[in-house]
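Counting with full-length UniProt numbering, you get residues 1 to 1231 for the letters of the sequence shown.
Quick caveat, the hints were computed from the structure, so don't treat them as lab data. Among the hints, a few may not be true.
Unchecked claim - Below are the DSS-like pairs computed for lysine-lysine, each with C-alpha atoms no more than 30 Å apart in a straight line:
hint, residue 1, residue 2
1, K243, K303
2, K453, K538
3, K642, K909
4, K621, K902
5, K824, K853
6, K621, K39
7, K824, K896
8, K1029, K902
9, K642, K696
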Amino acid sequence: METMNSRDVLVDLHTFLGYDRVYSIEPVGRCGGLAIFWKESVKIDIKFADKNLIDLQVQFGAVNFFLSCVYGDPDFKKRKIVWERLSIIGVGRRERWCMVGDFNEILHNEEKIGGPKRCESYFKPFKEMHEACGMVELASTGNRFTWAGRRYDLWIQSRLDRAFGNKEWLKNFPASNQQFLEMRGSDHRPVLLKLMASQDSYKGQFRFDKRLLHKPRVEETILQSWDPLNVVNDLCVSDRLKKCRGSQIIGGRIGLTNFWISMEVSISLMVLRGEVATAYFSNLFKSSNPSGFSHWFVGFEAKVIDQMNERLIRPVSSEEIKDAVFSIDPSSAPGSDGMSGLFFQHYWAIVGDHVTREVKMVFQTGVMPTEWNYTHLCLIPKVTHPVLMSDLRPISLCSVLYKIVSKVLVKRLKPLLSLIVSDTQTAFVAERLISDNILVAHEIVHSLHTMDKFAKEYMAVKTDMSKAYDRVEWCYLRALLLALGFHLTWVNWMMMCVSSVTYAVLINDTPFVFQVSNSQKPIIHHLLFADDSLFICKANKDEVVVLQSILGAYGAATGQIINLAKSSITFGSKVETVKKAEIQTCLGIFKEGDASTYLGLPECFSGSKIEMLDYIKVRLKSKLSSWFSKSLSQGGKEIMLKAVAMAMPVFAMSCFKLPKTTCTNLASAMADFWWSANDHQRKIHWLSWEKLCLPKEHGGLGFRDIGLFNQALLAKQAWRLLQFPDCLFARLIKSRYFPVGEFLDSDVGSRPSFGWRSILHGRDLLCRGLVKRVGNGKSIRVWIDYWLDDNGLRAPWIKNPIINVDLLVSDLIDYEKRDWRLDKLEEQFFPDDVVKIRENRPVVSLDDFWIWKHNKSGDYSVKLGYWLASNQNLGQVAIEAMMQPSLNDLKTQVWKLQTEPKIKVFLWKVLSGAIPVVDLLSYRGMKLDSRCQTCGCEGESIQHVLFSCSFPRQVWAMSNIHVPLLGFECGSVYANLYHFLINRDNLKWPVELRRSFPWIIWRIWKNRNLFFFEGKRFTVLETILKVRKDVEDWFAAQVVEKERRAEVGQSDQQVFSPRNVSPVVRWLPPPTDWVKCNVGLSWSRRNRLAGVAWVLRNDRGNVLMHSRRAFSNISSFLEAQFLSIVWAVESMVSHHVNRVVFGVEAAVLVGVINRPQAWPSFRFQSSEILLALNGIAVWKVVLESVSSNRGANLIAQSVTKECRLQSYVAVSFPAWLLGVFRDERVLTSVD
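Construct the entire structure; sequences and hints are all you get.
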């Protein structure tokens, strides 16, 4: 228990040992010191802590108890104070309680060997404490005399270290015991507290751990399990996985993944809780045995057409399966087999063929192996001390093999969801946002208070479905899928995933099994987005009865049950009280919803917005407080603030404008966390939050200004009103605020909602980057509107003295050719304007549209919106930061250094004057000794601490670093750092010296603090050795991490032979019965000449035909890419090819074709290509790599390099490319 080390040492130690958190008590000099290490899965609540005692409450899953870690004071008189403190705690504690530590005390003389005997009164305080606390010593093994040492030539052994438990502890943990281990590096024996009789009685669940990747013989063991030469050929994947787990190398005790967690309940108690959990879920999943549904779907219009079904049920390809495997998060929790996504991804070259074969068999037979659908339910506590099953959140841990099947289905269904799912459902569908429903609900509730008719006659009922996803009836799901028009094969695949499931509830990592025969969480979540639904109807009994009957019938059919306690009713503000009571009684819902939430945000903002949104600040502060115990470096704090803290308020900021007070409070909380080391202990804020929010190239840290970020998020909502005018939210807003006008011209209106005013706030930012592009030209007036892009929008210059003021852009378009009328342009405009107009061809099939000019795609993004808002709202801080001369270039170079993030932040703080040296502290008004504590010289500046003081001068001399011409002590800290930064790539300096200077500066600073606060210091030689070790360790870690990432990246994109690690780059075939058209391109800028070619191959890699063509007067590579794709598509149409995959190297145009809505700047290209693709029944456009498109590219290059301008179509491939196509065909057939 006695650490005798500072917190810095303990932080490094807890990281090395693999723990997530640490709590420590600093030692007094070189004596004492306490520390607690724990994992993230364990919740710790510190009740009391001082230099002799840490009293804490431990929460592990559903188990909680108290633990007191004791260090008896070496002084006998002071030791009594510790016993008094424990006695006071024990008087009021009746819960499970264990006491463990170095007590520095014994109960009687028999607990000591050697030395003089002590009188009985000496032991009395310790005994009385045990009696007051009701403590009994735990059973033990090993040498009980845990301390041994020499005192005055006498060898003495004593029982100073041990563990005790009270009655409640022994009742719940009857098998708990303590084991005294061997002495190592200390005169005390470690005490291992175990809550079970032996480790053999609890081995836990096997889990493949990423540390196994670097363990010797692991890959060899997997090869033996999967190689058909070493095992029976007909072993299935599950059996092979079992064989891997059964090996000593991977699954044995010598592995890294079988941990015996000490915080376990006894076997009898665990079994009891397992039975309670299984009974709960068995009842939850029990079917209500509904009647048939045939009458429900009479006249139901099918939404899935034959063409969709054809795409859904086509044979599953190997590439689909591989894509599904590598889309799984490698670090996600594994299923019952213990194998994570990382295992399959890393060893795909070994296991891939077998997995692919069995997954295909599952889809062919429609039968999933039982082992694949064996699911663990892990219970996660919702509250600190869970008592009821409802206090636990069940998380399904599915096997990777099940995930592969489900992801293949999901990927096929996803592109069709927008055509199947109603626009009233905004979640789980691409191009829709859940915030739409929030804003629609907000507008409706607002209308109930502000619009007279709604206020008198209407109400909104918010229903919460109890366990919505768990109660769905399979028969209902099947009937619904068939009614929607899904093919029977697809329906059977879906039902295969949700039926015949075997569940096991994990109680402390031990599975308790039960069968599910009637219900399971479905994988089509959009059909069951009913746990937070909103119904609008008139506030009268007739409509309430109808609503109740609908909900009742729905519940009877689907198994859904309304949670009346969580549901609420929002009445119009003028609905009579008597009518309210009548409706509440009829529905059984008595909670009114003015103060409730919908999808996590307030329904109505009728009161103080600061108070209603105060929960955001509370949650953020709670999260930040929990991070203090992690002892994060400032490099870690930077990541946590940017990645987690800034993301917490995003949901609210995407819908509503946060008040300035709320933004200030959030910024203040994050600034406190950045500068402070401990919670509730405010430290000096050396720089303002505004300076920290500056970009790194301007001297800041790149944190986001919350107010501007809020506006950028709201601008996204305004953009959606422009891009998706037919969505439910846009139609509602238009009918309410601008029924006859346009969104960009609308005003606030009368009695606007808070949501509408928030969107207008975002619109202000959006308008600064909007540019109007020509569609059919019918809404743009040539001489009045600003539509010509010339470094800003303007109207064309007037060429003729007489003009038609009412001339529209549509009058300048040739609709048949889908292009400009050149004669009209030359007649009306100057030549320069004609050139600018022709740069963007009209999209005659669409109305005139808007693009966001700051993004190449033309689509608005929050990132670029924030960039624009930051640049156009420059405060005094930002203006000063950009003034010259500046240190910003030095700070920018610091972020490019190869060193630890915390050292980069420290160097940035050095350049920013943000470290606590005496001169800077005195400047801030603190009264301190102005002398340097190391050398005694007057004044302690940053330059003095790091370069001029006697100690750093010796360190720099011993490091062999090349010094500036005038030496370090004669320059400034900026000049010295500049000297290092400009020479970091100087090849005349040894690599070790170029790398090491950040660590030298860091160690000098750490040594100064060690001496300043603890009176200790390292010698110059020790410091140099530590620097060298730090540098060596860090760069070694980067090599390992780089290799690991390379392995994962290569496994994701390339294929390996199990015994040969060299990558095989190959052409990928199309699905069965499809063909693939590879499009090659070569463009000569000098000659403005483009050569294009396509090669058509079947699924076996055989070349069916190829073609070549030359295009002249091509001004850009994008134009050449566009023409090559259009020509290839038209060629396939003319050859009557109906199932074709186009492989092209144009990444932009692939995105344009597959997601035209996200690329508004390329509307012309997308409309032309999609128009051409209408002639092909089924098509797909994929991105092809250069290496897999060699054949088509070589044919196209013959135009630009050899000036072969003739166009032709021929069967097979050119004879001079025999080797290229033969090799690709061979690789394909091998696969």
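Hint-by-hint comparison with the structure:
Between K243 and K303, the direct Cα distance comes to roughly 46 Å. Violation of the 30 Å bound is thereby established for this hinted pair. Proposed proximity of K453 and K538 is supported: the alpha carbons are some 10 Å apart, at most 30 Å. Restraint check for K642 and K909: the C-alpha separation of about 18 Å stays at or below 30 Å, so the hint holds. Proximity of K621 to K902 is assessed by CA-CA distance (about 23 Å); at most 30 Å being required, the pair is judged to hold.
Taking the CA atoms of K824 and K853, the gap is about 27 Å. The hint holds against a cut of 30 Å. For the proposed pair K621 and K39, the alpha carbon gap of about 22 Å is at most 30 Å, so the pair holds. Simply put, K824 and K896 have alpha-carbon atoms about 55 Å apart, too far for the 30 Å limit, and the pair is violated. Using a Cα cut-off of 30 Å, the hinted pair K1029 and K902 holds, with the two alpha carbons roughly 17 Å apart.
About 13 Å separates the Cα atoms of K642 and K696, which keeps this hinted pair within 30 Å; it holds.
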